[in-house]
Amino acid sequence: MLRHTRKLLTVITEAALESTLVRDIDRLHAHGYTITDARGKGSRGTRNAGWEASGNIRIEVVCDTATAENISTYFQEKYYDDYAMILFVSDIEVLRPEKF
Amino acid sequence: MIDPIILFFLLGAVAGLLRSELRLPAAIYEFVSIVLLLAIGLKGGVELSRQPFTDLLPQMLAVVAMGFGLTLLAFPVLRYLGRFKRADAASIAAHYGSVSVGTYAVAVAYLGSQQISFEEHMPLLLVLLEVPAILVGIVLARGISRETRWKSIAHEVFLGKGIVLLLGGLLIGWVAGPDGLSSIEPLFVDLFKGILALFLLEMGLIMATQMGSLRRHGPFLVVFAIAMPLFSALVGTWLGWSLGLSIGGTTILATLAASASYIAVPAAMRISVPEANPTLSLAGALGITFPFNVLIGIPLYHALAVWAHTFAKG
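Residue numbers (my numbering), protein chains in the order written: chain E, 71 to 170; chain X, -14 to 299.
Next comes chain X alone, as it looks inside the complex:
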């Protein structure tokens, strides 16, 4: 049975492709994404209040290393196989090394509807995965020079909307604990899927706008935008399995690895690497990778996690 939130995404995509007049007002889209980010942060924060922080340290370090690694792997592929300009290759690599909160939310909803449990501290790993790719992307495009304005880059990276809301949610959830949050649960927990449905409707519309630029930029980007998440998902599955995560947790980590950023990284790259063409990375991340992950990827990564765990048991 197909999840209704996926149907909302398809509705948006079809309406967009048929050039319907439908659009979510910008303020509503903003509100919907704020609620999603906070809800995800709060859920992770509650879990952090239950277990000692030091237990999570190995996972946190491993995930940061994965963020660096995936970006560094994507760059030469884009530069030498795809023959992109240096700045473009670095920027696209940064998008694919980072994560998409929207894709994460869909994976959470998918596991929820299948009643598969997962480690609830995943939002912490989500926050950690946002950052390394941006730094690597800037260094790959620029090299390390004295001219790089690290102060304004740090401001852009750490004070972007996504990180502030996710971290803020984590902290509030951590301080308030499960009992303290029960009063705001109706908005952030009960309405989560409805809000996500609206978000996906808008994502469908946005995806449709990327189709024109995809046609212009040719087949390599399309192939990369499917092959890279598949490869990253393998890395994520392997890492999740080695860290001893559950099947649900491994699925989420694979999804995080496979997803490509379309909010934090584009904003940071636009300021820090202005010569990179933003339509290239957005066409890949939004036009191909996001729908691929939402429609096909997540169930596939789940199957992969199940396979990895049964295979490991022998």
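Isolated chain E, as found in the complex:
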């Protein structure tokens, strides 16, 4: 079976940012995204998702290299200073390249 490589961009950040980030992701030409609730601990303390203000989310975007680059640069410039956010990109293989 023919496989195609794409990028998986994962962002873990504050739940308060969800609607803003979704707008950014759409505008930067990603074809889709998946959001899950998350909790954990980082340099900005424990975020246990017990209630709204301490909730975290994980956003995953499968896209091509250029889009992943655009989104990560934009997020880094705009959100890294003021928000609890980490972001990483990994290589993945997909079966239907036209979807991503």
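Keep in mind the hints are simulated off the structure, nothing from the lab.
Bear in mind that the values here come from a model prediction, so they are computed numbers and not experimental data.
Take the hints with a grain of salt, since some may be wrong.
Claimed, not checked - Derived lysine to aspartate or glutamate pairs resembling DMTMM-like cross-links, with alpha carbons at most 25 angstroms apart:
no. : chain 1 : residue 1 : chain 2 : residue 2
1   : X       : LYS178    : X       : GLU15
2   : X       : LYS178    : X       : ASP40
3   : X       : LYS136    : E       : ASP96
4   : X       : LYS70     : E       : ASP151
5   : X       : LYS70     : E       : GLU147
6   : X       : LYS136    : E       : ASP134
7   : X       : LYS136    : E       : GLU163
8   : E       : LYS169    : E       : ASP96
9   : X       : LYS146    : E       : ASP94
10  : E       : LYS111    : X       : GLU260
11  : X       : LYS136    : E       : ASP94
12  : X       : LYS178    : X       : ASP(-12)
13  : E       : LYS111    : E       : GLU168
14  : X       : LYS146    : X       : GLU170
15  : E       : LYS148    : X       : GLU260
16  : X       : LYS146    : E       : ASP134
17  : X       : LYS70     : E       : ASP94
18  : X       : LYS146    : X       : GLU260
19  : E       : LYS77     : E       : ASP107
20  : X       : LYS146    : X       : GLU105
21  : X       : LYS146    : E       : GLU147
22  : E       : LYS77     : E       : GLU130
23  : E       : LYS111    : X       : GLU15
24  : E       : LYS77     : E       : ASP134
25  : X       : LYS136    : E       : GLU88
26  : X       : LYS146    : E       : GLU163
27  : E       : LYS111    : X       : GLU105
28  : X       : LYS136    : E       : GLU147
29  : E       : LYS169    : E       : ASP134
30  : X       : LYS136    : X       : GLU260
31  : E       : LYS111    : E       : GLU88
32  : X       : LYS146    : X       : GLU32
Please build the complex by placing chain X on the supplied structure of chain E, with the hints as guidance.
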């Protein structure tokens, strides 16, 4: 006799401080707060269907003015006495100018168990008090500039969960009237205190998580988080008395003035003033002010209202 709902709050706080594994699932907490917000809105709405809206206009305007005023007073205290950064001072001031629905619910339960009546349209004033502080907070942090995205701020403020449910409840109660609501009373009226007990259990747990950050941010915040509600309660008592509210109504208005927001304002500030440190205002509002109001404040504001009314009679 201490109200059992307060004991639930203490149970949550103690369990949290001892690092118990106890936690309410997020969906349950969400459900409990939705029921509380709707129940409060419905009760106010029923009352609105009984009296002409225009009679309430002076009270509504006075309360909005109080929301603006308290925020504007808190800001210089935080900025110059507390030496907070501009964004932090503005954000904390906004939290203290706005209201906490949880504290309001406890005050309602307190008056209920003492069988003291109050003006039932208070939820309307509750909704009105949520908004002005947020706007003032953003302007204090940002100044009025063209870059401020008022459209998205308005969306954040007016379409937040709290306002939508409170206003929605008010409208449903207003349209349906007392008879129409009797069919849903078992959930929203009869179970109110039980739901509130669960809510307070979770609030106790949340409060305990704020203790760590309080220790880091020092004594000024602790002093402010007690002194500001006491001062605001005086303003609220005076306003309630001048507007001719009953003793119960004055107690509620003082409680509203004294309470600090921990749902609507944090969400709005996080988006609109991202450089403000959210742990500062939450540690104050949740770690100190909420327990202070629930445990000591409300009975104190009641005593203050009684005193104001007897003093006024001479």
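Going down the list of hints, with the structure as the test:
1. X:LYS178 - X:GLU15: Since the Cα atoms of X:LYS178 and X:GLU15 sit roughly 16 angstroms apart, the hinted pair holds (cutoff 25 angstroms).
2. X:LYS178 - X:ASP40: violated, 31 angstroms
3. X:LYS136 - E:ASP96: Roughly 19 angstroms separates the two Cα atoms, so the pair holds.
4. X:LYS70 - E:ASP151: Holds. X:LYS70 to E:ASP151 sits at ~16 angstroms (cutoff 25 angstroms).
5. X:LYS70 - E:GLU147: holds, 22 angstroms
6. X:LYS136 - E:ASP134: violated, 33 angstroms
7. X:LYS136 - E:GLU163: violated, 41 angstroms
8. E:LYS169 - E:ASP96: holds, 15 angstroms
9. X:LYS146 - E:ASP94: It holds: about 23 angstroms lies between the C-alpha atoms, which stays within 25 angstroms.
10. E:LYS111 - X:GLU260: holds, 21 angstroms
11. X:LYS136 - E:ASP94: Status holds; Cα separation ~16 angstroms.
12. X:LYS178 - X:ASP(-12): Distance of about 10 angstroms is within 25 angstroms: holds.
13. E:LYS111 - E:GLU168: violated, 37 angstroms
14. X:LYS146 - X:GLU170: Roughly 22 angstroms separates the two Cα atoms, so the pair holds.
15. E:LYS148 - X:GLU260: This hinted pair holds, its Cα atoms lying about 12 angstroms apart.
16. X:LYS146 - E:ASP134: violated, 36 angstroms
17. X:LYS70 - E:ASP94: It is violated: about 29 angstroms lies between the C-alpha atoms, which goes past 25 angstroms.
18. X:LYS146 - X:GLU260: Holds, at roughly 23 angstroms.
19. E:LYS77 - E:ASP107: holds, 21 angstroms
20. X:LYS146 - X:GLU105: holds, 22 angstroms
21. X:LYS146 - E:GLU147: violated, 30 angstroms
22. E:LYS77 - E:GLU130: holds, 10 angstroms
23. E:LYS111 - X:GLU15: holds, 23 angstroms
24. E:LYS77 - E:ASP134: Holds, at roughly 6 angstroms.
25. X:LYS136 - E:GLU88: holds, 17 angstroms
26. X:LYS146 - E:GLU163: With Cα atoms ~40 angstroms apart, X:LYS146 and E:GLU163 exceed 25 angstroms; violated.
27. E:LYS111 - X:GLU105: Given pair E:LYS111, X:GLU105 is violated - Cα atoms ~44 angstroms apart, limit 25 angstroms.
28. X:LYS136 - E:GLU147: Holds, because 23 angstroms separates the two Cα atoms, which is no more than 25 angstroms.
29. E:LYS169 - E:ASP134: holds, 11 angstroms
30. X:LYS136 - X:GLU260: At roughly 20 angstroms apart (the allowed maximum being 25 angstroms), X:GLU260 and X:LYS136 satisfy the hint.
31. E:LYS111 - E:GLU88: Status holds; Cα separation ~19 angstroms.
32. X:LYS146 - X:GLU32: holds, 22 angstroms
Of the hints listed earlier, those the structure fails to meet are numbers 2, 6, 7, 13, 16, 17, 21, 26 and 27, in rising order.
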